[in-house]
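Now for the letters of each chain:
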Amino acid sequence: MMFAVTAAAVLVTMALTLYRSIKGPTVYDRILAINAFGTLTVVLISVYGFLSGRPDFLDLALVYALINFISTIAVSKYVEFSHMGRPTGGDELGDM
Amino acid sequence: MALFLEILSWGLLIIGSVMLIIGGIGMVRLPDVFSRMHGAGIIDTMGACTILLGLTFQAGLGIVTMKLVLIVVFIVFTSPTATHALARAALHGGARPQLDEPVDDDPASQGEASSKT
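Taken in sequence, the protein lines are chains U and V.
Residue numbers 42 to 137, in the numbering used here, belong to the letters of the first sequence in order.
Residue numbers 13 to 129, in the numbering used here, belong to the letters of the second sequence in order.
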C-alpha cells in the first residue's frame with residue numbers, strides 16, 4: 042500500500058520533470074531535468090522491487106545511478122566546450 | 013519494535029513522496045536555470061535519499077540494506093558534483109541568474125555570452 046503511494050508520487054514527479062525537459066527554454070534546463078529524471082528512475086526501480094516483493098532490482102538501480110552521473114557530466118562538458126577534450130585556449134576552464 | 017520500524021519506514025516514505033512532489037513543482041514553476049537547480053536538489057537529496065532510507069528500514073539487515081545504503085551514498089556524492097558541473101557550463105555558456113536589481117560589474121563576464129541560451 043505504502044509502496045504504491047510512493048510509486049505514484051514518483052510517477053507524478055517524473056511527469057513534471059519530463060514537462061520541464063520538453064518545455065525548457067535553454068539546453069541546461071533539459072540537462073537538469075534529465076538528471077533529475079534519472080534519479081527518479083533509480084527510486085522507481087527500488088520502490089517497484091519492494092512493491093513486487095522481490096527486491097532484486099537494486100543492482101539495476103545502482104548501475105543506473107552510475108550511468109546517470111557519467112552522462113550528466115559528459116553532456117555538460119560537451120555543451121560547454123563543444124567537444125570532449127580539453128580546451129586549447131590554455132585558460133583555466135579545462136579542469137571540469 | 014517491528015511496529016516502530018514499520019511506522020518509521022512509512023513516515024520516511026511519506027515525507028520523501030511529499031518532497032518529491034514539492035521538488036517537481038519547483039522545477040516547473042521556478043523562473044530560471046539556477047533556481048530550478050534548487051528544485052532538482054530537493055528531488056535528489058531530500059526526496060530520493062529519504063525514500064531509499066525508508067526502504068532500508070523495510071528491508072531488514074542484509075545484502076538489500078547494503079545495496080540501498082550504497083545507492084544513497086552514491087547519490088549524495090554525485091548529485092552535487094553533477095549540479096556544479098552543470099552550473100559551471102550554464103554560466104560559461106551565457107546563462108545569467110535572474111536578479112531583482114541590475115548590477116554594474118558582472119563577476120562572470122569573462123565567459124562570453126554565446127548563442128547557446
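Wrong hints could be hidden among the right ones.
Capping the alpha-carbon separation at 25 angstroms, the derived lysine to any residue pairs in SDA-like fashion look like this [to be verified]:
# : chain 1 : residue 1 : chain 2 : residue 2
1 : U       : Lys-64    : V       : Phe-16
2 : U       : Lys-118   : U       : Asp-97
3 : U       : Lys-64    : V       : Ser-47
4 : U       : Lys-118   : U       : Ala-45
5 : U       : Lys-64    : U       : Leu-101
6 : U       : Lys-118   : V       : Pro-92
7 : U       : Lys-118   : V       : Phe-46
Calculated from the structure, these hints are not laboratory results.
Comparing the hints with the structure gives:
no.	hint	in the structure
1	U:Lys-64 <-> V:Phe-16	44 angstroms, violated
2	U:Lys-118 <-> U:Asp-97	34 angstroms, violated
3	U:Lys-64 <-> V:Ser-47	16 angstroms, holds
4	U:Lys-118 <-> U:Ala-45	38 angstroms, violated
5	U:Lys-64 <-> U:Leu-101	29 angstroms, violated
6	U:Lys-118 <-> V:Pro-92	16 angstroms, holds
7	U:Lys-118 <-> V:Phe-46	17 angstroms, holds
In summary, the structure is inconsistent with hints 1, 2, 4 and 5 from the numbered list given earlier, while agreeing with the others.
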